[in-house]
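> Please build the complete structure, drawing on both the sequences and the hints.
Protein chains: 2
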Amino acid sequence: MTLSTLAAALIAGLLSALTALPAAAQFQKPEDAVKYRKAAFTVMATHFGRIGAMVQGRVPYDATAATANAEVVADMALLPYAGFVEGTAGTEKGSPKASIWTERAKFDEGAKKLQDETIKLVAAAKSNNLDQLKAAFGNTAASCKACHDNYRNP
Amino acid sequence: MTLSTLAAALIAGLLSALTALPAAAQFQKPEDAVKYRKAAFTVMATHFGRIGAMVQGRVPYDATAATANAEVVADMALLPYAGFVEGTAGTEKGSPKASIWTERAKFDEGAKKLQDETIKLVAAAKSNNLDQLKAAFGNTAASCKACHDNYRNP
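If you're matching them up, the sequences are chains H and G in order. For the first sequence, my numbering begins at 4 and goes up steadily by one. For the second sequence, my numbering begins at 4 and goes up steadily by one.
One or more hints might be untrue.
[To be verified] Simulated restraints, written as ranges between beta carbons of each label pair:
1) G/Arg-61 <-> H/Ser-98: 29 to 37 Å
2) H/Ser-130 <-> G/Gln-118: 26 to 34 Å
3) G/Glu-95 <-> H/Arg-61: 31 to 39 Å
4) G/Gln-59 <-> H/Pro-157: 24 to 32 Å
5) H/Arg-61 <-> G/Asp-111: 39 to 47 Å
6) H/Gly-55 <-> G/Glu-34: 14 to 22 Å
[Said to hold, decoys possible] Under the rule of at most 25 Å between Cα atoms (straight-line distance), these lysine-lysine pairs were calculated in the BS3-like manner:
7) H/Lys-41 <-> G/Lys-123
8) G/Lys-96 <-> H/Lys-38
9) H/Lys-32 <-> G/Lys-96
10) G/Lys-41 <-> H/Lys-96
11) G/Lys-41 <-> H/Lys-38
12) G/Lys-38 <-> H/Lys-38
If you are wondering where the hints come from, they were derived from the structure by calculation, not from laboratory data. All C-beta atoms in this analysis are idealised placements derived from N, C-alpha and C, irrespective of residue type, glycine included.
Here it is, written out as structure tokens:
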């Protein structure tokens with residue numbers, strides 16, 4: 004790396020940091036954020052469910068399909084949390100509890116836990132070993148459930 | 004590749020082909036397919052819109068953010084078409100026309116066109132050249148519009 008490319012990289016990094024927007028600013032309206040996060044969870048749940056069907060023996064195990072599904076799950080796991088913008092708590096069944104915003108660091112830790120488990124899920128899906136996939140599926144499901152138990156209205 | 008690994012690969016490929024399911028079989032109910040395809044389009048539109056904001060100068064151009072958004076767009080472009088299962092045409096504004104299922108090959112070509120444009124969008128986003136991004140954004144938007152004009156009830 005020459006000095007000029009180093010300087011360019013530093014400037015690009017600085018500009019990137021300066022132009023990084025808080026999550027809320029990425030959505031025009033809170034409703035857009037809610038719709039977006041629900042959509043990301045819907046896509047994630049659909050593909051996670053397809054792995055579940057293999058893990059539970061309802062459809063034949065297929066490492067290629069399991070990997071494709073796991074990759075969508077891992078990609079989706081990165082997205083919905085930006086949609087939890089202030090002012091979008093609820094009280095009805097399935098809506099997020101206000102405690103997300105009073106203990107946001109703990110909530111974000113839970114999100115990180117899911118993201119980490121989904122990376123392991125991809126690796127397990129690629130392993131062509133159904134027992135490994137079952138274990139990773141269980142761990143991923145547990146990380147879903149932990150946040151649902153804590154932060155989703157029953 | 005030894006003969007035994009070749010045999011294993013052939014068997015795996017055969018099993019994979021045998022267990023490939025038609026799109027409809029991936030969803031328990033037609034409503035699940037509709038919810039899924041709408042969710043994938045919502046995620047895609049959100050991230051495509053963020054590139055649009057840069058292209059239109061509403062937010063500063065940032066190649067890193069543009070690339071991250073373009074990658075989500077390209078990933079999402081692969082998903083919704085499996086959700087267009089038989090029996091899910093509508094007549095209300097925004098719903099799919101029945102012609103999708105009478106000219107499915109043409110519809111699938113439109114989907115492929117979008118997928119191809121989103122791959123170019125990722126490359127353009129990475130180029131760090133706003134003019135290239137503008138061109139790729141326009142081509143991607145045109146491929147969205149082509150299908151909307153043909154297959155979405157106005």
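> Work down the list of hints and note, for each, if the structure agrees.
Status of each hint after checking the structure:
At roughly 31 Å, the beta carbons of G/Arg-61 and H/Ser-98 sit within the given window of 29 to 37 Å. Judged by the Cβ atoms, the range 26 to 34 Å given for H/Ser-130 and G/Gln-118 holds: they are separated by roughly 28 Å. A hinted range of 31 to 39 Å holds for the C-beta pair G/Glu-95 and H/Arg-61, which are about 34 Å apart. Remark: the range hint 24 to 32 Å for G/Gln-59 to H/Pro-157 is contradicted by a beta-carbon distance near 43 Å.
Against the hinted window of 39 to 47 Å, the Cβ-Cβ separation of H/Arg-61 and G/Asp-111 comes to about 28 Å, which falls outside the hint. Separated by about 19 Å at the C-beta atoms, H/Gly-55 and G/Glu-34 satisfy the suggested range of 14 to 22 Å. Proximity of H/Lys-41 to G/Lys-123 is assessed by CA-CA distance (about 28 Å); at most 25 Å being required, the pair is judged violated. For the hint linking G/Lys-96 to H/Lys-38, the alpha-carbon distance of about 19 Å falls within 25 Å, and the restraint holds.
In summary, the hint linking H/Lys-32 to G/Lys-96 is supported, as the alpha carbons are separated by about 23 Å, within the 25 Å threshold. Between the alpha carbons of G/Lys-41 and H/Lys-96 the distance comes to roughly 22 Å, so the proposed pair stays at or under 25 Å and holds. Of the supplied pair hints, the one linking G/Lys-41 and H/Lys-38 holds, its CA atoms being roughly 11 Å apart against a limit of 25 Å. Only pairs whose Cα atoms come within 25 Å are accepted, and G/Lys-38 paired with H/Lys-38 is accepted, the gap being roughly 12 Å.
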